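> Listed below, chain by chain, are the residues.
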Amino acid sequence: MLKVTSLSKAYGKKKVLDHISFSVGPGEIIGLVGENGAGKSTLLNILATLQKPTSGSIHLQEKSYQKEKPSIRKSIGYVPQDIAIWEEFTVEENMIFFEKLAWKKRGIEALRQLCLDMALDKWKEPVKMLSGGMKRKLNLAISLIHDPTLLLLDEPTVGIDLKSRKEIGVYLRKLASSEEKMILYTSHDMDEIIHLCDRIICIGDDPFYKEILIDSGKEILTF
Amino acid sequence: MMAILYTRLIHWKKQIISLLFWLLLPILATLAIVYGTSLIQQDSKIPVGIVTGDDSEIANALYESIRATQLIRVIDVTEAEARRLVESHELDSAFVIGEGYGQDVENGRRNRLITSYLSNLSFAYAPVSQMIISLVQQDTGHSKAAHTVINLSNHTTEQWTWDEIVAKTIEIQQEEDLLRTTFTFANTVGMENENTVSLWNTWGLWALFSILSTLLLFDWGVKEKRAEILPRFAFIRYTYQHYLLLNVCLYTLLFFIFDLIAVVVFHTFLSESISLSLIGAILAFRMLINMGAFIFTCLFQNVYLYYSTAFLLALITAVISGAIIPIDGVTNRFPWVALFNPVQPFLEMEFISPWHIVCFVIIAIWYVKGGKSNA
Ligand SMILES: Nc1ncnc2c1ncn2[C@@H]1O[C@H](COP(=O)(O)OP(=O)(O)O)[C@@H](O)[C@H]1O
Ligand SMILES: [Mg+2]
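Just so you know, the sequences run in chain order A and B.
Under the UniProt record's numbering, the first residue of the first sequence carries the number 1, and numbering increases by one thereafter.
Under the UniProt record's numbering, the first residue of the second sequence carries the number 1, and numbering increases by one thereafter.
Mixed in with the good hints, there may be bad ones.
Calculated Cβ distances over 10 Å to all of chain A for the following chain B residues [to be verified]: (1) Thr7; (2) Ile10; (3) Lys14; (4) Glu57; (5) Glu87; (6) Glu228; (7) Ile236; (8) His267; (9) Ser275; (10) Thr317.
Pairs of lysine-lysine, BS3-like flavour, derived with a Cα cap of 25 Å [what the hints assert, rightly or not]: (11) A:Lys128 with B:Lys168; (12) A:Lys100 with B:Lys223; (13) A:Lys69 with B:Lys225; (14) A:Lys135 with B:Lys369; (15) A:Lys104 with B:Lys225; (16) B:Lys14 with A:Lys122; (17) A:Lys124 with A:Lys74; (18) B:Lys45 with B:Lys13; (19) A:Lys74 with A:Lys100; (20) A:Lys100 with B:Lys225; (21) B:Lys14 with A:Lys105; (22) B:Lys144 with A:Lys135; (23) B:Lys144 with A:Lys100; (24) A:Lys128 with B:Lys369; (25) B:Lys369 with A:Lys124; (26) B:Lys168 with A:Lys69; (27) A:Lys74 with A:Lys52; (28) A:Lys122 with A:Lys166; (29) B:Lys223 with B:Lys13; (30) B:Lys369 with A:Lys67.
Keep in mind the hints are simulated off the structure, nothing from the lab.
The structure presented is a predicted model; accordingly, all values stated were derived computationally and were not measured.
Where a beta carbon is used, it is the ideal one built from N, C-alpha and C, also for glycine.
Here chain B stands alone, though its shape is the one from the complex (with noise of 0.2 Å):
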């Protein structure tokens, strides 16, 4: 082994500058996208004017809801503001919390606590009014069930039972449902938002660009092959199929080194948690798309031919995973897909998937079969 590690370095110092490159990239790319896109996320929240006319608790609550949304930026502004800033679109649209909100939500009251000003470029109106008034009608939700809750104990002669006043809290609540759907529903809005974020998971891109960057340091299995070259390996101490795959531990070696400092990189940086079960998962990883790296030169004779085809399968698996294209679309309608996507079993944190096994058996075959004709 250590005679195959001498042979391997002085290849590898050969090209140490594009073998660093390709090794760093998964780490580099996914740090550049997480970060690129949380910058960006930023940046295209929505900016949301918020009028504040009335200091009542009930107002400062519905105030911080409301800037507790993932989705939007709130701009505190005063009503002239308001108006001018959404007729120039610098806020998307602006909404006031009239001068007693928190009166009229406990009065009862359920019109027009809630004014709001828009303009033809108020994109984001629909969902973020949608928000704001599912807020709304919670807040006058929980006013009308403390009001019925009292008027009961006030204008009836029976004495109610703290079972009796559940009951009868909960039956309001299920006549409210109407209220929770909506605000269900804006609250989906965040979700989406939410899902974005998660498909631009960090594992999950590292995995694309790990297996990218396999590939491609993998073409010494085409590279080396030269016809004129092989002829010398018949007269080495090891067989040639030995003496490849002790090449490819080797890069594996190597290459799980660098797993390990992603996950170094990973925790420091993007705050990604470390455990034994994501290094296990991440050496399962890296042993089956090594072992797939490997077959898969065996089939290349010509290196640039081989060079796009790996460009063409990374960009397979990143479309199979969702993403470039949003992946539910595709695998809700064929959900096989899936099932050839190798990242899919890493990322589910499995140790051993069916493509471990395939892989494993074709070396298998190919070292039995190859130990045979060369001896």
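Just chain A, with the same shape it has in the complex (with noise of 0.2 Å):
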């Protein structure tokens, strides 16, 4: 379980993030939406430890963020907005290399598996050959290596084609529901967000996602 009560966020003067208060419980898939510079980034590495809050607290677990973080980020896994990954490895050695720096050693085949389960089959391929929704796949499934519980996804589908798009959502609503993991995750494809997530928050003072997600049936907190 992820608390999180009045949570803001401000770089100097500038207001970012403001009394943020919610929580995901075990196998929900949350969306966080909102215009550009609205604030999700910073939302999710302030939930990645990445980053500190001006105030507020968050627990995972009925941990602590402000005291037990070396022991949080091990149930964490973040997977960025830019792309992470060294170009010029194969998908294989990319794997392989992060596992072996993990908190969990999984064995080749476990990884290969992890690829597999989101129809990333190109295991030998340099990445710097893949196209853009593969890079994506590796991206997420390096985060997945050592098993987190809390999935924090900085917009996983963005720019690449529709097959890749719906294989990532198919394999998220897997990790929710088969393995109780919670997601959070941002995306500005409306359509993707209304048919995978269980709940969803909007942050920024633009009321257009909002008007937009209304006739979803989901449950929506604004901020």
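Using the hints, put the two standalone chains together into the complex.
Below you can see the structure in the form of structure tokens.
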């Protein structure tokens, strides 16, 4: 269970996040929407322990972010908005590289299966030869190596073909339902958000997103 | 550590060619330069013709002394050949040890013992003739001393004690000091020559190339802190600082293996000696330049700027080490320059220099500070 209480973040005088509170339970997928610059990435970074909030508190499985950062990190799978992989390595080398450094040992077959589960089958291909969709999948796969319980994905499907997008969606759904993962992710694709998410968080002043989503029948939180 | 080694091996596999190139560069470049300069030096010895018209012991000894001089290459010629070859500039100059040289020296004659031929292009005539004259003067000096001693014992009624003879001989030798100065002058010509050889000192050269190759191979420190990949290193079981330091250790190990190869290669091909203190000094030097290179990478974001600064730094080190401009002038005028030279303590076989301490302290501060901001 992830519990966010009255979280605020300001860069200098500029308030980006203002008293945000919500919680995420096991097996839930939460969508995060808002215009560019609304603070989606900032929120994910804070939840990923990479940035500190100005005020408010966060707890993951009853552990406080302030006090137990190193142990909390082991439960977090963070997928950066920019593709964070070694371009000159193959898929296999990327997976092995990060597995060697990970908290959990997986073994080569498990790593390969992880990729196959999201239809990433170009195991020996150098990353720079891969399509955008494949790169996004690998970007996601690496974040899952240590089997985290909280997944934070920053625009994991941006700029890729529809098929890859669907495959990633199906895979996330499976992670939530069969492995009880908590998933928070951002996207600008409203169909994807409505289709995939159990609840939706809207941040920013612009009412545009809320109006689109209001008919979806999903629970919407606005901040 | 094994995990880090594994991840580093993946990186190394991708750049195996350039990795080997830069690792071998200090060895190969040093070999090439040391061999190259010794070939050129063989070629650049001054060709001097010697005509031997006398077969006495003294004349032969003089001939051998001239031959043994580093500076010149002796060519045996007849007097006619000597004239022709000097005229056609195939010989820088020629010297004739005339008939009766031995006799003349024994008789104490001191004029026109040697005849010389030179042309308007005899650039080396002055030092070579100085050198030969000094050799001749040595002979005449000995002879004069001998004569004096013989005269003393023949023409005095008093009986000279051994001590008195020795004292007199020393006195005469001191009178001949002028000659010895000339001789020393000729000798310094030879020594300067030797100095240029030792400037291209094997380990000094190796150290300079090692600095360059180390800086260039440490480009990983700049390349791998690409902003996109960095968040990944928050989710590994090492702190980022720890991860980097372990990699520095791995690089140090890799470099040191090639340093040991250099020891063996230089021993085999350049007859450099092997000793534990040499290996200790190399290890200390290796740790120093790797720490230095690592600190250096921390200052850069742009890899091209890093490369150009690395070349510049290697060049500066080469200059203050005297590899390009003779250093004596620079260090005499600005003695502090030598203090800044990281190669200096290595060549003096010192294990710990102030540089080690400075680098170590910087890295320790960086590690502790980084660890805090990470936790
Ligand atoms: N390091 C920073 N310093 C100052 N302002 C920042 C920083 N990072 C983000 N911002 C600002 O915070 C706002 C939210 O950014 P971000 O979280 O990236 O938005 P989103 O991901 O929703 O597009 C933007 O206006 C951005 O300019
Ligand atoms: Mg963003």
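> Now, for every hint given, state plainly whether the structure supports it.
Quick rundown of the hints versus the structure:
1. Thr7: violated (5 Å)
2. Ile10: violated (5 Å)
3. Lys14: violated (5 Å)
4. Glu57: holds (76 Å)
5. Glu87: Glu87 (chain B) is indeed farther than 10 Å from all Cβ atoms of chain A, at 67 Å.
6. Glu228: It is violated; Glu228 (chain B) is separated from chain A by about 4 Å at its closest Cβ, not greater than 10 Å.
7. Ile236: violated (4 Å)
8. His267: holds (38 Å)
9. Ser275: holds (39 Å)
10. Thr317: Holds, since 31 Å exceeds 10 Å.
11. A:Lys128 with B:Lys168: violated (91 Å)
12. A:Lys100 with B:Lys223: holds (20 Å)
13. A:Lys69 with B:Lys225: It holds: about 23 Å lies between the C-alpha atoms, which stays within 25 Å.
14. A:Lys135 with B:Lys369: Cα-Cα ~34 Å, so violated.
15. A:Lys104 with B:Lys225: It holds: about 24 Å lies between the C-alpha atoms, which stays within 25 Å.
16. B:Lys14 with A:Lys122: Holds, at about 19 Å.
17. A:Lys124 with A:Lys74: violated (28 Å)
18. B:Lys45 with B:Lys13: violated (48 Å)
19. A:Lys74 with A:Lys100: holds (15 Å)
20. A:Lys100 with B:Lys225: holds (19 Å)
21. B:Lys14 with A:Lys105: Status holds; Cα separation ~24 Å.
22. B:Lys144 with A:Lys135: Answer violated: Lys144 (chain B) to Lys135 (chain A) is near 95 Å, above 25 Å.
23. B:Lys144 with A:Lys100: violated (86 Å)
24. A:Lys128 with B:Lys369: Measuring from Cα to Cα gives roughly 36 Å; hence the hint is violated.
25. B:Lys369 with A:Lys124: violated (40 Å)
26. B:Lys168 with A:Lys69: violated (93 Å)
27. A:Lys74 with A:Lys52: Roughly 18 Å separates the two Cα atoms, so the pair holds.
28. A:Lys122 with A:Lys166: Distance ~18 Å between Lys122 (chain A) and Lys166 (chain A) Cα, so the pair holds.
29. B:Lys223 with B:Lys13: With Cα atoms ~16 Å apart, Lys223 (chain B) and Lys13 (chain B) stay inside 25 Å; holds.
30. B:Lys369 with A:Lys67: holds (19 Å)
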